[in-house]
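S.K.: In case you want the letters, here they are:
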Amino acid sequence: MSDDAIVVEGLTRVFNKNLVAVDHASFTVRKGEIFGFLGPNGAGKTTAIHMLTTVLRPTEGNAAVCGFDISKQPSEVRNCIGVVPQEYTADEDLTGLENIILCADLYGIPREISQKRAEELLELVELTKFKDKRVETYSGGMRRRLELACGLINRPHVFFLDEPTLGLDVQTRVATWNYIKLLKKEHGMTIFVTTHYLEEADMLCDRVAIIDYGKIVAIGTPSELKEVIGGDIMTLSVEDSGVDISDVIKRVPRVKKVKKQDGTYRVKLEEGEETAPSIIEAIRAGGHKVTRLSLTKPTLDEVYLEYTGRSMREEEEGKESFAGQRIAMRRARSGQR
Amino acid sequence: MSRNNSSRSPLHGLWALTNRDLKKWYKNPFLFFMTIVQPVIWIGLFGKAMNIGAVFTSNPITLPPNLNIPPSVQTQLQQALSNLSTQMLEKTFGTTDYFSFMALGMLSFVMLFTTMFSGMSIVWDRRLGFLNKVLSTPVARGSIIMSKVLSAVIRSLAQAGIVLALAFLLGLTPGPDFTPTNLLGVFAALFMISLGLSSIFILIAIRSTRFETQMAVMNLLNLPLLFASNTLFPASLMPDWLQAVAKVNPITYVNDATRQLILYPLNVQQLVFDFAYLGVFAAIFTAIGILLSWRYLSR
Numbered sequence: 001m002s003d004d005a006i007v008v009e010g011l012t013r014v015f016n017k018n019l020v021a022v023d024h025a026s027f028t029v030r031k032g033e034i035f036g037f038l039g040p041n042g043a044g045k046t047t048a049i050h051m052l053t054t055v056l057r058p059t060e061g062n063a064a065v066c067g068f069d070i071s072k073q074p075s076e077v078r079n080c081i082g083v084v085p086q087e088y089t090a091d092e093d094l095t096g097l098e099n100i101i102l103c104a105d106l107y108g109i110p111r112e113i114s115q116k117r118a119e120e121l122l123e124l125v126e127l128t129k130f131k132d133k134r135v136e137t138y139s140g141g142m143r144r145r146l147e148l149a150c151g152l153i154n155r156p157h158v159f160f161l162d163e164p165t166l167g168l169d170v171q172t173r174v175a176t177w178n179y180i181k182l183l184k185k186e187h188g189m190t191i192f193v194t195t196h197y198l199e200e201a202d203m204l205c206d207r208v209a210i211i212d213y214g215k216i217v218a219i220g221t222p223s224e225l226k227e228v229i230g231g232d233i234m235t236l237s238v239e240d241s242g243v244d245i246s247d248v249i250k251r252v253p254r255v256k257k258v259k260k261q262d263g264t265y266r267v268k269l270e271e272g273e274e275t276a277p278s279i280i281e282a283i284r285a286g287g288h289k290v291t292r293l294s295l296t297k298p299t300l301d302e303v304y305l306e307y308t309g310r311s312m313r314e315e316e317e318g319k320e321s322f323a324g325q326r327i328a329m330r331r332a333r334s335g336q337r
Numbered sequence: 001m002s003r004n005n006s007s008r009s010p011l012h013g014l015w016a017l018t019n020r021d022l023k024k025w026y027k028n029p030f031l032f033f034m035t036i037v038q039p040v041i042w043i044g045l046f047g048k049a050m051n052i053g054a055v056f057t058s059n060p061i062t063l064p065p066n067l068n069i070p071p072s073v074q075t076q077l078q079q080a081l082s083n084l085s086t087q088m089l090e091k092t093f094g095t096t097d098y099f100s101f102m103a104l105g106m107l108s109f110v111m112l113f114t115t116m117f118s119g120m121s122i123v124w125d126r127r128l129g130f131l132n133k134v135l136s137t138p139v140a141r142g143s144i145i146m147s148k149v150l151s152a153v154i155r156s157l158a159q160a161g162i163v164l165a166l167a168f169l170l171g172l173t174p175g176p177d178f179t180p181t182n183l184l185g186v187f188a189a190l191f192m193i194s195l196g197l198s199s200i201f202i203l204i205a206i207r208s209t210r211f212e213t214q215m216a217v218m219n220l221l222n223l224p225l226l227f228a229s230n231t232l233f234p235a236s237l238m239p240d241w242l243q244a245v246a247k248v249n250p251i252t253y254v255n256d257a258t259r260q261l262i263l264y265p266l267n268v269q270q271l272v273f274d275f276a277y278l279g280v281f282a283a284i285f286t287a288i289g290i291l292l293s294w295r296y297l298s299r
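Protein chains in written order, with our numbering: chain S, 1 to 337; chain Z, 1 to 299.
Think of the hints as simulated: they come from the structure by calculation, not from any bench. Glycine residues also receive a C-beta, built at the ideal position from the N, C-alpha and C atoms. Worth double-checking, as some hints may not be accurate.
[As the list claims (entries may be wrong)] Quick look at which bits of chain S chain Z covers, simulated, 3 or more residues with Cβ under 8 Å: (1) 41-55; (2) 82-89; (3) 104-118.
[Claimed, not checked] Derived DSSO-like pairs (lysine-lysine); straight-line CA-CA distance at most 30 Å: (4) K133/S to K116/S; (5) K23/Z to K116/S; (6) K226/S to K250/S; (7) K116/S to K24/Z; (8) K31/S to K17/S; (9) K226/S to K215/S; (10) K297/S to K259/S; (11) K247/Z to K48/Z; (12) K48/Z to K133/S; (13) K181/S to K226/S; (14) K257/S to K226/S; (15) K48/Z to K116/S; (16) K72/S to K31/S; (17) K31/S to K185/S; (18) K268/S to K256/S; (19) K129/S to K27/Z; (20) K129/S to K48/Z; (21) K215/S to K116/S; (22) K131/S to K27/Z; (23) K129/S to K247/Z; (24) K133/S to K72/S; (25) K129/S to K185/S; (26) K24/Z to K133/S; (27) K131/S to K247/Z; (28) K133/S to K247/Z; (29) K297/S to K181/S; (30) K131/S to K24/Z.
[Stated by the list, open to error] Just a sample of chain Z residues kept apart from chain S, beta carbon distances all over 10 Å, derived: (31) F30; (32) S82; (33) S85; (34) T179; (35) W241.
Just chain S, with the same shape it has in the complex (with noise of 0.2 Å):
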C-alpha cells in the first residue's frame, strides 16, 4: 500500500441535477496525518465525507481509502474505517455499553473480542462508570465521547470525524482533541476532521483544505497557507517619534513592507521571532529606543477568509441533515445546563 491514506479524484455529487455539493475535488491525505477539512456551512464538507464513508455514491470522480476503491470495493472501505457523524447518532434507549457492543455486531466483531475492546474503550473516553446508564442521562460531551469510542471499535486505519466538537464547550474540545491526538500517537491512524473552529485546525492538523461551493481552493500545511497570505505583522513604537525610521527597519533583512501610523509602525515581515531581534537592533544602531513592540501572526481565520470570502452562506446541504444538526446542537446544548 502507498502512504497515501485517501486519494481522491476529482470527486463530484450532484443532488437534484443541479445542485453540484462536491465539484471535482482532488487532493491526498498522507498515512499517519491528521487532515483538516475546512469550509463554510453547505460547502460539501458532510457530502465529501459521506462518499468517503460509501454512505454516498459519487455522481463523477473517484476516491480510494486504504488503498480501496469507495465504488467498486465499498466493503472493504467500511471495514478499514471509523465514523464519528456530526448528528449524535448513539441511541438514547440504549446504554452506553450496549451502543458500542452495537456497533461492535455490525463490524460482525465476536463477542469475546468486542466486550474487552468496548470496555479498553470506554475508559479511554471516560466513559466506564456511566456504561450501564441509558445514553439519554448522559450530557452532550459524553454522548460525543461514546460517539467516539464507537466509532473506534473495528480499530480503523483512517477516522473520518464530521464537526467533532460542534457545541462543545471548551473543556470537552480540549478533551476531544486530547483523544485524537492520542489516537494518532498510539495507533498511527490517519485523520480525516472537518471542523468550524479554525484556531483548533492550525493547532492541530497537519494539513488542511479549505472547501468552498465544492471545489478545493487551498490546501497544504496551516503555516504554508498563512505563508501565502503574507508573513507576520510587528507594530512597534520608539521614542521622539517625530523622526521617521521607515527606512531604517526597511532595510532589515526580510521585512517587505513598514507603514508609519499614528506614531507607531506596522511592519509585515517573514518570521516574525528571528527578525524582530534584527529590527530592534537596526533601531537602536540608528540612536532611537524601541518603547513597544507586538508581534503577531496570521491566523488561520485570515486564510480562510481570504479564499472563502466574508460574506454568510444559505443553508444548502438539504433539510435532512439541517434537521440532523439542528438536533445535534439542541442535545448538546442540554447537556450542558
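Starting from the known structure of chain S, arrange chain Z on it as the hints suggest.
M.R.: Below, chain Z without anything else, positioned relative to chain S:
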C-alpha cells in the same frame, strides 16, 4: 494494528439491529404495557361491542297473533323461524358464533396495525443520522432492511399471541377439527402476512425523510386493506367490485387460514391455497425489499 474481524457471517449485524429495535419495545415498560392493553381494547370493542351476531339472535321473530292456521302448524312454524336466525348466522359467517369469527379477524387487524409503524422507525433512523452511521459499516444492506422487518414481525406475532389467548378466555369456541397443533399453522400464516406487510410499509419508507408522508400512506392503505377483506364481514356479501378487491387482498387469506385452522370444519384444499397465496405474497415483497435496499438505501 491488528483487526480481527474474520469470523463474519453474511447475516452479521442482522440480529444486532433487530434486537436494537426490540429493546426499545420490551425495555420500555409503558410501551410493553400498551402492547398488552391494546389488544384487550380491540377485542373488547370490536369483538363484543360490534356484535353483529346479536342482530340475528337477540330479536326473536314471532308470528302475528291472529293467524288462521292450526296451532300445531303454528308451533312448527315458530320453531322453524327461530332456527332461521341461527341458520342465517351459519350461512353468513360459517359459524353461529360471531365473536369467534370476529376474534380471529382481529388477528389480522393486529398484524396490520403493528406492522404499519415499522416504516416509521426507518424514517427516524434517517433523520437522526443513525442510518448513515450504519451505512458506513460493513453490515449487509439487506440486513438493515430485514432487521426492521424482523422486529416488526416479532412484535406483531407477540401481540397476536396475546390477542388469541384473550379471545379463548373471552369465549372463542374452536370448531370440531381443532387440535392444539393447528396453532402452529395459525402462527405460520400470521408470520407470512406480517413479513409481507412490514416489507411493504418499509419499502414505502425506504427513502422518506418525512413522518407526515408516512402517516398519510399508512392511513390510505390500512383501512381499505382492513375493510376490503373478510376481517369483520364476509366478503361474499360485498358488491362485486369490492369482492374482487377482497379476493386479491392477502388479509382475506390470512383470515381464512386462521378460521380454517381454528373455527371451521377443515377444508384442506382451501387451506393449502391460502398458505400458497400468503407464501407468495411474503416472498415477493420481502425479495423486493432486499433488492431495493441495495439500490435505494443510500442516496
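S.K.: Work down the list of hints and note, for each, if the structure agrees.
M.R.: Consistency of the hints with the structure:
no., hint, in the structure
1, 41-55, "holds (count 4)"
2, 82-89, "holds (count 6)"
3, 104-118, "holds (count 7)"
4, K133/S to K116/S, "holds, 19 Å"
5, K23/Z to K116/S, "holds, 23 Å"
6, K226/S to K250/S, "holds, 22 Å"
7, K116/S to K24/Z, "holds, 25 Å"
8, K31/S to K17/S, "violated, 35 Å"
9, K226/S to K215/S, "holds, 19 Å"
10, K297/S to K259/S, "holds, 17 Å"
11, K247/Z to K48/Z, "holds, 27 Å"
12, K48/Z to K133/S, "violated, 44 Å"
13, K181/S to K226/S, "holds, 23 Å"
14, K257/S to K226/S, "holds, 17 Å"
15, K48/Z to K116/S, "violated, 55 Å"
16, K72/S to K31/S, "holds, 21 Å"
17, K31/S to K185/S, "holds, 12 Å"
18, K268/S to K256/S, "holds, 6 Å"
19, K129/S to K27/Z, "holds, 21 Å"
20, K129/S to K48/Z, "violated, 53 Å"
21, K215/S to K116/S, "violated, 43 Å"
22, K131/S to K27/Z, "holds, 17 Å"
23, K129/S to K247/Z, "violated, 59 Å"
24, K133/S to K72/S, "violated, 40 Å"
25, K129/S to K185/S, "holds, 26 Å"
26, K24/Z to K133/S, "holds, 15 Å"
27, K131/S to K247/Z, "violated, 53 Å"
28, K133/S to K247/Z, "violated, 51 Å"
29, K297/S to K181/S, "holds, 24 Å"
30, K131/S to K24/Z, "holds, 18 Å"
31, F30, "holds, 12 Å"
32, S82, "holds, 58 Å"
33, S85, "holds, 53 Å"
34, T179, "holds, 40 Å"
35, W241, "holds, 40 Å"
Against the hints set out earlier in the document, violations occur for numbers 8, 12, 15, 20, 21, 23, 24, 27 and 28.
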